[in-house]
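Chains A and B, in that order, are what the protein sequence lines are.
Residue numbering for the first sequence follows the numbering used here, beginning at 1 and increasing consecutively.
Residue numbering for the second sequence follows the numbering used here, beginning at 116 and increasing consecutively.
Be aware that a few hints might be false.
[Unchecked claim] Covered by chain B, according to a simulated footprint, are these stretches of chain A (three or more residues, beta-carbon under 8 Å):
1. 42-51
2. 59-67
3. 95-103
These aren't lab readings, by the way, just hints derived from the structure by calculation.
Please read all numbers here as calculations on a predicted model, not as lab measurements.
Ideal Cβ placement from N, Cα and C applies to all residues, glycine included.
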Amino acid sequence: AQSVAQPEDQVNVAEGNPLTVKCTYSVSGNPYLFWYVQYPNRGLQFLLKYITGDNLVKGSYGFEAEFNKSQTSFHLKKPSALVSDSALYFCAVRDEMDSSYKLIFGSGTRLLVRP
Amino acid sequence: GAGVSQSPRYKVAKRGRDVALRCDSISGHVTLYWYRQTLGQGSEVLTYSQSDAQRDKSGRPSGRFSAERPEKSVSTLKIQRTEQGDSAVYLCASATRIRSRGSYEQYFGPGTRLTVT
Numbered sequence: 001a002q003s004v005a006q007p008e009d010q011v012n013v014a015e016g017n018p019l020t021v022k023c024t025y026s027v028s029g030n031p032y033l034f035w036y037v038q039y040p041n042r043g044l045q046f047l048l049k050y051i052t053g054d055n056l057v058k059g060s061y062g063f064e065a066e067f068n069k070s071q072t073s074f075h076l077k078k079p080s081a082l083v084s085d086s087a088l089y090f091c092a093v094r095d096e097m098d099s100s101y102k103l104i105f106g107s108g109t110r111l112l113v114r115p
Numbered sequence: 116g117a118g119v120s121q122s123p124r125y126k127v128a129k130r131g132r133d134v135a136l137r138c139d140s141i142s143g144h145v146t147l148y149w150y151r152q153t154l155g156q157g158s159e160v161l162t163y164s165q166s167d168a169q170r171d172k173s174g175r176p177s178g179r180f181s182a183e184r185p186e187k188s189v190s191t192l193k194i195q196r197t198e199q200g201d202s203a204v205y206l207c208a209s210a211t212r213i214r215s216r217g218s219y220e221q222y223f224g225p226g227t228r229l230t231v232t
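Just chain A, same shape as in the assembly:
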């Protein structure tokens, strides 16, 4: 069965420090992995995705994520956090074997960047 785990409900980091939001997944076939961000009263906004190729994926707003097949992880990272990065972050996976193309989401991690 497909599943995504985000083990941290909240991540706190000081502005200017690096941040990491963790995500692990489980799928039957090869994974297609995504990160979305959600600001208050807004829909999910796409940040980045991994389909194939380089394990380090760069996305919007300076975010990047590293695909690690052996650890089945896809952690979101940013070298220097901004207060405006404070939001809810969702990791999602799509199984290449799933013909519906639906996304399976993690429970979300709230990122709080303090000034």
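Starting from the structure of chain A, add chain B where the hints point.
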């Protein structure tokens, strides 16, 4: 339109009543998904439909949830006999294949927050 829109943005319903939530997707997009988002529990797909038919491929939970596609770019999620556990944010996503990028992408609406009292 520029993106996916949903209405209403907020809905309060008494337990046992039926509700209908609307999604206006992006013109030309083939597939439309309905997800239910519960804080701390993530999101689960409820149903999805493809424009070649008004098929409702129901996910979990089944039975009380159904989707209709009266027009190719409009979907209505119907929830029958609402329960308090149905209180959540309902997200609509419009999807299409981007051939130039070889990818399949979903675009999300802002969601409808349903509160069942």
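Hint-by-hint comparison with the structure:
Look at the stretch 42-51 of chain A against chain B: 7 of its residues bring a Cβ nearer than 8 Å to a Cβ of that chain, three or more, so the hint holds. Counting residues of the stretch 59-67 of chain A whose beta carbon lies closer than 8 Å to any beta carbon of chain B gives 0, which falls short of the minimum of three for the stated coverage. Interface restraint, the stretch 95-103 of chain A with chain B: holds (4 residues with C-beta to C-beta distance below 8 Å; minimum three).
Taken one by one, the earlier hints fail for this structure only at number 2.
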